[in-house]
Amino acid sequence: MGHSNASGDLSSEMEVDAFRRLFPLRFYEHHLAESIRPDGRALGKARDTTIELGAVASADGSALAKIGLTTMLAAIKMEVMTPSKESPDEGCIAIDFHMPPICSPLVRPGRPAEAEPVVSKQLADTILRHVKHFYGHSLLLDYFFKVLYSGMIDLKDLSLVSGKAAWMVYLDIYCLDADGSLFDAALLSAIAAFSHLQIPVVSMNDDGKLIVVSEENGEKDIVNKEKRKLSLNRIPFSLTCVLHKNYILADPTAEEETIFETLVTVVLDTFDQLVYLYKPGGLVLAFTSSVQDCIALTRQRLKELQKILDESVSGMEVD
Amino acid sequence: MEDSAAADTADVGGSVVEENECRICRNPGEEGNPLRYPCACRGTIKYVHQDCLLQWLNHRKISHCERKIAMEIDRIDGRTPNQLRPLACSRNVLNRAHGSASWSQGDTKVLAAVYGPKAGTKKHENPEKACIEVIWKPKTGQTGKSEREYEMILKRTLQSICILTVNPNTTTSVIIQVVNDDGAVSFKDAGIPLKHLAGSNTYVVNDDGAVSFKVAICCGLAESGYVILDPAKLEEQKMKAFAYLVFPNSVLSALPEGSPKVEGEPMENGIITSVTQGAMAVDDYFHCLERGRAANEKMSAFLRRSLQPQLPG
Amino acid sequence: MAAKAASTPTTYSPSPTTQKTKPSFFKNDNVDWVRPDGRGFHQCRPAFFRTGAVNAAAGSAYAEFGNTKVIVSVFGPRESKKAMMYSDIGRLNCNVTFTTFATPVRGQGSDDKDFSSMLHKALEGAIMLETFPKTTVDVFALVLESGGSDLPVVISCASVALADAGIMMYDLVTSVSVSCLGKNLVIDPVLEEESYQDGSLMLSCMPSKYEVTQLTITGEWSTAKINEGMQLCLDACSKLAKIMRSCLKEAASASED
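Chains as they are written, first to last, in this note's numbering: chain A, 1 to 319; chain B, 1001 to 1313; chain C, 2001 to 2257.
These are computed hints drawn from the structure, not numbers from a lab. Given the structure is predicted, the values throughout are model-derived calculations rather than measurements. Just so you know, even glycine gets a beta-carbon here, dropped at the ideal spot from N, CA and C. Hints are supplied without guarantee of correctness; some may be wrong.
For lysine-lysine, the following DSSO-like pairs were computed, each having C-alpha atoms within a straight-line distance of at most 27 angstroms [unchecked claim]:
id, chain 1, residue 1, chain 2, residue 2
1, C, 2081, C, 2113
2, C, 2081, B, 1155
3, B, 1155, C, 2082
4, B, 1122, C, 2081
5, B, 1122, C, 2082
6, B, 1129, C, 2113
Some residues of chain A that are not near chain B, with every Cβ distance over 12 angstroms (derived) [unchecked claim]:
id, residue
7, 36
8, 41
9, 124
10, 255
11, 295
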């Protein structure tokens, strides 16, 4: 706190840590005036981000994503289902976000965190978009939407035997350590888990059930010779920003999120489409210019994240 | 009309008169590769092969027709794209609640009741401020993830527009009951019950003209930024993307200097809450913002009219 | 989404673990069988501990024994629930949950109520509850992946997490289990062995004090077998305690630098 002014300011006499706890807003404003944050970041800079693929051995696809201290573990399990009559050629994806009590002092067992259903819904919205709206429309339109406007995954890729069997994809994301920007980290881990996903090879047994083909009992009627990987088009990436006065702080920590109550989350996809812009209230009004700034920061962040994801995927392939 | 019909005619689509040619490869439609007219372009450039179009879009890294021709679309209920459904608002509809209101926009109707302020806040809430609790009841069925999301958004929105320091360490409950869901339910009613509170409890509240409106899916490939306001449920299903926006009420300039300005923009242009669904171009979003702001004015005028009798002076 | 998931038809996992056709690696009359991971009967899996896995917690630890992966967070001492009566000693509150992908078949790790109370009983005796009167220490565990011997790993990991949080204890609690398969006792069983076991014995102890905090025996055991099993566990516990100590020492010396 070198820059607290000497004009009888209480802060100069107080220890930095105590000052930070007692007057968090003033503590932060001192820093913001110097265009730096207490953890040494510039205002528009996100925290260090890492992705580790294949963290869960028992899952078909998994990833551990860390943004600063916020840690998310995502894992995908594939099961077989009978597709619905309306869409016999489509699989299904179920996305669930969990905040177990280990992740934050605010979560107690038996009482799910407030953010849990909200982030679940947001993730489902961003990853699946609303593909459901296109059921029953004409084929041509359906096709266009699939390519241009649908989510990042084509549910038709999840079909196994038309009308009989399709993949049910269970994606579960666990927050292991909550330190702000939960949605960003959860989305990143979900996407990484999808890019790590290896679809098991299955064949039909005598009862009409599908079973995984292991190496020794190969060369049966394999149902899915191809389609071992999902093709991900239009991958969404997100960045949460905090608005305070004229400042925009990217990728806030939990402390920053509680002090400044105005959050803006922007999700852009790799085609530069705006997938999600979320500003739930807050004391600061967002004007066109600040929305534009947030979008610009997200564009930058998208490039960073894409690079990190590509590196972790290519790192996997080398191994 | 032709464009809105494209969704319906595309089933039989491709049966296009022979002399037309694809605007990209200049070949006529043939069997297995018929000509389509997925966007709003007219005349000879109307037709295109599906493969050519995809190749072109892929090449240009764009996702929609470049020619920004306004689409002329008739909405199911005969409104123009910019027109809101008829608004209706009545207050004090419930006897036992401390404040209540019903709000309807076309066939969408919600009922809101406010109880409080009651003593004490919930755990983990700041006791130096008033706490707001929102309970969202869907028309049928149980409270699910989406309702939880609405609760959270509405709560945050209300927190930002109420002066919370007036009644510290209290909890105010806001209960929203969806009576009839015909699209665009969310957030509309945010302002109404609070204004009520304002009347009965001397809260000072920024009126909140909550507006929701959406970007239309334009048939096939979206002609960019086609916005219709306040969609009904039927329309909602055909949308490419939605944006719900909440703005502050436009301030009636009682002050000589007019409405307060922030960063060169009038206060009422600031977004309190924004939620989107579905993918859209960034420009489309800003387009939405403009439309939303325009609608906000109408909305706040209506609000002011309907609340006038209660306000002293 | 929730409604959609509910309306979807029942799903099944195509993985071979759900099939009974797979021949057992173990035959009752055959004494010379090999464990699925090639270990000796009395050999534990390599254990790995790391403290400070969760920053939001007062103390935490991550433990990995083969495929068994566990995170334990400790919160507190902090205010007890309002409904709680006054108590001049502290309270210990334990909770164990499984991730939905922890088990080979999704969402089957559901005996967590049992685990929570077992964890509580195993730790209770080791913590100096009188050092934090009126308050509660919360010990929350999440089993990321279940690879057998889950509860012993959770208990050992929890005591490391408690130490990391600076909660006063008489000693670390270490826990090991043995399974009885036919004539043999196998220590630190993996999931497959647990599913074929005739009986299991789990022992938690404070190795330096040579005191047992918890002993559970299920299934068919002869007295001689119980003695043998307990001795095996006690030996393994003292070895495990060394690993846990060295992990804590490392963390302490790293934070001093």
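Mind verifying the non-interface call on residue 36 of chain A? Its CB should be farther than 12 angstroms from each CB in chain B. holds (23 angstroms)
Given the proposed pairing of residue 2081 of chain C with residue 1155 of chain B, does the C-alpha separation stay at or below 27 angstroms? holds (26 angstroms)
Proposed proximity, residue 2113 of chain C with residue 1129 of chain B (alpha carbon, max 27 angstroms): Violated, at about 38 angstroms.
Once the closest CB in chain B is found, is it more than 12 angstroms from residue 295 of chain A? violated (6 angstroms)
For the pair we were handed, residue 1122 of chain B and residue 2082 of chain C, check the Cα-Cα distance against 27 angstroms. holds (12 angstroms)
Minimum Cβ separation between residue 124 of chain A and chain B greater than 12 angstroms? Given that some Cβ of chain B is not farther than 12 angstroms from that of residue 124 of chain A, nearest at about 8 angstroms, it is violated.
For the pair supplied as a hint, residue 1155 of chain B and residue 2082 of chain C, confirm whether the alpha-carbon distance does not exceed 27 angstroms. holds (26 angstroms)
Nearest-CB test (12 angstroms) between chain B and residue 255 of chain A: Holds, because the least Cβ-Cβ distance between residue 255 of chain A and chain B comes to about 15 angstroms, which exceeds 12 angstroms.
27 angstroms limit on alpha-carbon distance, applied to hinted pair residue 2081 of chain C and residue 2113 of chain C: holds (19 angstroms)
Decide if the proposed pair is consistent with the structure: residue 1122 of chain B and residue 2081 of chain C, CA atoms, cutoff 27 angstroms inclusive. Distance of about 13 angstroms is within 27 angstroms: holds.
Is the nearest CB of chain B more than 12 angstroms from the CB of residue 41 of chain A? It holds; residue 41 of chain A is separated from chain B by about 25 angstroms at its closest Cβ, greater than 12 angstroms.
Checked against the numbered hints above, the structure violates hints 6, 9 and 11; every other hint is satisfied.
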